[in-house]
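J.: Now for the letters of each chain:
There are 2 protein chains.
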Amino acid sequence: MNNFVFQNPTKIIFGQGTVSQLGKEAAAYGNKALLVYGGGSIKRTGLYDQVLAQLKEHNIEVFELPGVEPNPRLTTVHKGIDICRANGIGFILAVGGGSVIDAAKGIAAGVPYEGDVWDFYVRKAVAQSALPIGTVLTLSATGSEMNGGSVVTHWEENLKLAHLSIHTYPKFSILDPTLTFTVPADQTAYGSVDMMSHVFEQYFSHTADTPLQERLCESILRTVIENAPIAIAKPDDYAARANLMLCGTYALNGGMISVGVTNDWASHGIEHELSAIYDIPHGAGLSIVFPNWMKYVYRERIERFVQYAVRVWDVDPTGKTDDEIALAGIQATRDFFTRIGAPATLSEVGIGDDRLGEMAAKAVRYEPLGQFKKLTKEDVEQIYRMSL
Amino acid sequence: MNNFVFQNPTKIIFGQGTVSQLGKEAAAYGNKALLVYGGGSIKRTGLYDQVLAQLKEHNIEVFELPGVEPNPRLTTVHKGIDICRANGIGFILAVGGGSVIDAAKGIAAGVPYEGDVWDFYVRKAVAQSALPIGTVLTLSATGSEMNGGSVVTHWEENLKLAHLSIHTYPKFSILDPTLTFTVPADQTAYGSVDMMSHVFEQYFSHTADTPLQERLCESILRTVIENAPIAIAKPDDYAARANLMLCGTYALNGGMISVGVTNDWASHGIEHELSAIYDIPHGAGLSIVFPNWMKYVYRERIERFVQYAVRVWDVDPTGKTDDEIALAGIQATRDFFTRIGAPATLSEVGIGDDRLGEMAAKAVRYEPLGQFKKLTKEDVEQIYRMSL
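In the order they appear, the protein sequences are chains H and P. Heads up: the first sequence begins at 2 in this note's numbering, then just goes up one per residue. Heads up: the second sequence begins at 2 in this note's numbering, then just goes up one per residue.
One or more hints might be untrue.
Which chain H residues face chain P? A few, computed with CB under 8 Å, are given here [stated by the list, open to error]: (1) ARG86; (2) ASN88; (3) GLY89; (4) ALA243; (5) TYR297.
No more than 30 Å apart at the CA atoms, straight line, and that leaves these computed lysine-lysine pairs for DSSO-like [what the hints assert, rightly or not]: (6) P/LYS321 <-> P/LYS374; (7) H/LYS12 <-> P/LYS57; (8) P/LYS125 <-> P/LYS25; (9) P/LYS80 <-> P/LYS125; (10) H/LYS25 <-> P/LYS125; (11) H/LYS321 <-> H/LYS374; (12) P/LYS33 <-> H/LYS125; (13) P/LYS172 <-> H/LYS25; (14) H/LYS172 <-> P/LYS235; (15) P/LYS44 <-> P/LYS80; (16) P/LYS321 <-> P/LYS235; (17) P/LYS235 <-> H/LYS12; (18) P/LYS172 <-> H/LYS12; (19) H/LYS12 <-> P/LYS12; (20) H/LYS172 <-> P/LYS12; (21) H/LYS44 <-> H/LYS33; (22) P/LYS80 <-> P/LYS57; (23) H/LYS12 <-> H/LYS33; (24) H/LYS57 <-> H/LYS25; (25) H/LYS125 <-> H/LYS57; (26) H/LYS363 <-> H/LYS378; (27) P/LYS25 <-> P/LYS12; (28) P/LYS44 <-> P/LYS296; (29) P/LYS172 <-> H/LYS172; (30) P/LYS33 <-> P/LYS12; (31) P/LYS25 <-> P/LYS44; (32) H/LYS125 <-> P/LYS25; (33) P/LYS33 <-> P/LYS172; (34) H/LYS80 <-> H/LYS44; (35) H/LYS296 <-> H/LYS125; (36) H/LYS25 <-> P/LYS375; (37) H/LYS378 <-> H/LYS321; (38) P/LYS57 <-> P/LYS12; (39) H/LYS44 <-> H/LYS12; (40) P/LYS296 <-> P/LYS375.
By construction, these hints were calculated from the structure, which means they are not laboratory data. Positions of the beta carbon are idealized from the N, C-alpha and C atoms, including for glycine.
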């Protein structure tokens, strides 16, 4: 186990009906809020009206930034920063999924910063402060509701980059599983792939002597595998939605499940290049890429992949070689993603082989990509080719 | 899953050599600290000198409260409060195990309170604030380093009571596994029983639809079961000590592993009456009581005990009745406690049957005890009798 520092101050308010606590929580952060949301589904479901009523009841003046994209764009973040500065807004309320929350984090960190907030994403500067953020989650996937990470896309430059900061942990997040009843099957599947992928990035590691962390990871994986198909078949199954929501949050809440473990994050880097150019859903990209990454790297520490196959997928090891067991676990992953309706190949989402080299070069822009196996441009291009 | 609120702001600084970060962390909370510690083992190991050097280097004036008892007493807490008030001390540093940290929490909550701090423990008042607390942990057991709970004993009245508050979460806790290398075998065993017992209190529940929480609990239990015997056999095994330390912290860190789950806590109540009168180590008392509580209540939800036996102890269910499987898991628990050197009967720790009725009456003073099965005075007395 490596030495580590862990702190996660976010307050989670979880369960049916908890939006009724929004106004009281928000009121602790001043009387002006920027309400950040996406494409308008919160208006169709009535959540928008509920949120406004809560804020009004607590005398909070509301400014709005609607239209945050599924891969949130820097231009949108800039727009939010401008609104906050022009109106002296001191609190950001994100109502939506990970993209909306990530945009809110960009805005929150950007307002008090003199330069361009993009500096944080290209590693030119480190955020020293941020406006307080609250969230109402409507999609189980990214864990952004309980961590300090955000991913923003610079569309003109086809760059999709991440920023982590202790200052952008939400002060509070309201997690009501019933708000995810209306999430369609494909997005439920992509969200499930996303949370499993977050666990994979923390689980496939060379760090020794981490039995508890490994089991915490396996616990989340098994629970997602059980509950995602139920939520897809029966969208208003409260238990399945609640279990998925908790899994999504715990899968990436500041590293609680992988304290002292060297993480990988190569597959996320590989995927980000895809959605930075082709604007595909993040979870769909991960579904395509991750099993191929697994096949490409599993011999780096085959015993971890054997453990994964046996403990997560109940692969019977009797009479099998380690290679066979590991590959059976990887195949089970692919089959599961297919079973819940997530894509397996780039061609399924309309991506050909014409820009693979360009994407591979960008994926390794800062350094070899990942930790489990440090990937070169050639490695990344090979994983793209396996994904065609 | 029940609705829940979860927040745990404690900053954990984990790993070998992390005491070197103490001064910097402490300096954020002013220039006067009350150093709280126990029987002097920190002087023998050199930790005391290290701590003083850290505080001195950051110009923090140190006042001392040594001699905190293994079951910390209200008189000691009062003494600490007096020292803080007389000297305008604004920060409490606990260096020790759970007892020392619990005493520090009592002091921290008591200083700003006008009445007697005991009011919080007898539920006459609720803490509205507390001085900031930092800890350096020297014993893996209670989880007090990352939660807001404290247990204090009113020796003259033979009362051992708990107080929970969001205000008494430590601001930071330094967890260096090498500081536990000198913990003797018996205390390592009692600490392991204590952390397992904390998990039991959260795991044996009637709350439905909590698959992730159950697996998180099982993950900790299996990891303690693997690592406690190693740490006892080889006290300076870093991996085993680190794994135990992380298990102890995660087992009771504000309920992270049991969010939305109704907890029980009857066995702790039953044990507290024992150590309030006989001053036995808490973990030793739990080792005696818990398997008997299990035997007494397992039919309330036998399937949870079956799951426990199969998943935690690898009991082979083939050809067995549910009763046989559940009892095999309970017996495995008892055998494990015995194997690591923890007691199985009250007579082993010199306790007879003369005050069982008195203790049972006190255990149910506020209400029927526990949630999994709500225990009456007669139930509690029966569990004491099974423990003779």
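J.: Starting from the hint list further up, note which numbers the structure goes against and sort them upward.
T.: Per hint list: 1, 2, 3, 5, 7, 8, 12, 14, 16, 17, 25, 28, 35, 36 and 37 violated.
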